[in-house]
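I would like the entire structure built from these sequences, with the hints used as guidance.
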Amino acid sequence: MGFHTPAFCVAETLPFMDGEAIVIDKPAGLPVTQPRKGGRSLDDYLVQLRFGFQRSPTAVHRLDQDTSGCLLLARHAKAAKRFGAAFESGAVEKTYLGIVEGDLDDDLGTIEIALGKASTAEAGWRIVPDAAGKRAVTHWKRIAATGGRTLVEFRPETGRTHQIRVHALHGLGKPLLGDPFYGKSYSSGLMLHAAGLVVPRGDKPPVLAAAPMPRRFVDLGFGPQPASIAIEASGHE
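For the sequence shown, my numbering begins at 7 and goes up steadily by one.
Straight-line C-alpha distance at most 20 Å; calculated SDA-like pairs for lysine to any residue:
(1) Lys210 x Ala91
(2) Lys87 x Arg61
(3) Lys180 x Asp113
(4) Lys123 x Lys140
(5) Lys147 x Leu110
(6) Lys84 x Ser95
(7) Lys87 x Thr39
(8) Lys147 x Ile117
(9) Lys140 x Ala120
(10) Lys140 x His176
(11) Lys140 x Glu163
(12) Lys43 x Gly130
(13) Lys190 x Leu226
(14) Lys210 x Phe22
(15) Lys84 x Phe59
(16) Lys123 x Asp70
(17) Lys87 x Met23
Worth flagging that the hints you see were computed from the coordinates, not collected in a lab. This structure is a prediction, so every number in the text was calculated from the model and none was measured.
Given below as structure tokens:
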């Protein structure tokens with residue numbers, strides 16, 4: 007995918023932790039589960055994330071290997087079941103940041119394009135627009151533009167595989183910078199970052215986490231974190 011798996015420093019990547027949840031700032035390039043071809047993955051670091059518990063935490067959802075940012079881990083089975091149900095019902099609020107080449111005609115909007123999976127012997131599998139596929143909705147907002155590129159905030163209402171990546175291409179007309187599946191590879195990798203996560207927990211305070219703007223975004227002239235993420239997060243406290 008264009009760059010090696012980075013070292014994962016647990017102590018520097020914990021946006022949230024309590025007795026039932028841990029949110030890590032997953033680095034780009036680190037798979038959540040071990041790839042078929044082998045190599046390191048998040049599984050290799052779970053023992054470090056026990057923090058006094060006898061059992062290692064488990065990932066509740068997935069981020070693509072080359073996507074960085076907020077990843078929720080459950081510290082025990084009861085929490086995993088509750089958090090899984092929250093994701094399944096669409097109750098989890100997710101905020102992503104992505105960079106596209108060029109500018110956009112509008113400042114904000116909603117992309118609703120159903121998605122399906124296609125596979126060919128030559129190209130392998132891809133997620134594609136499919137009227138008979140699964141409903142997929144992404145709300146987006148233009149945040150800033152510099153150097154001929156635009157920073158976009160994405161808030162997916164649904165959680166389909168490669169949803170933001172495909173919606174950027176077919177909804178905005180521009181693939182994410184560095185997307186080897188739906189655009190072109192880039193030296194710094196895929197420009198997609200899971201910047202914020204809010205997971206409701208009934209009567210308990212929600213899991214509330216924000217992962218700072220990654221270095222590869224800052225190096226392109228974007229930063230600091232958009233204020234909207236911090237403002238909306240403070241409203242859940």
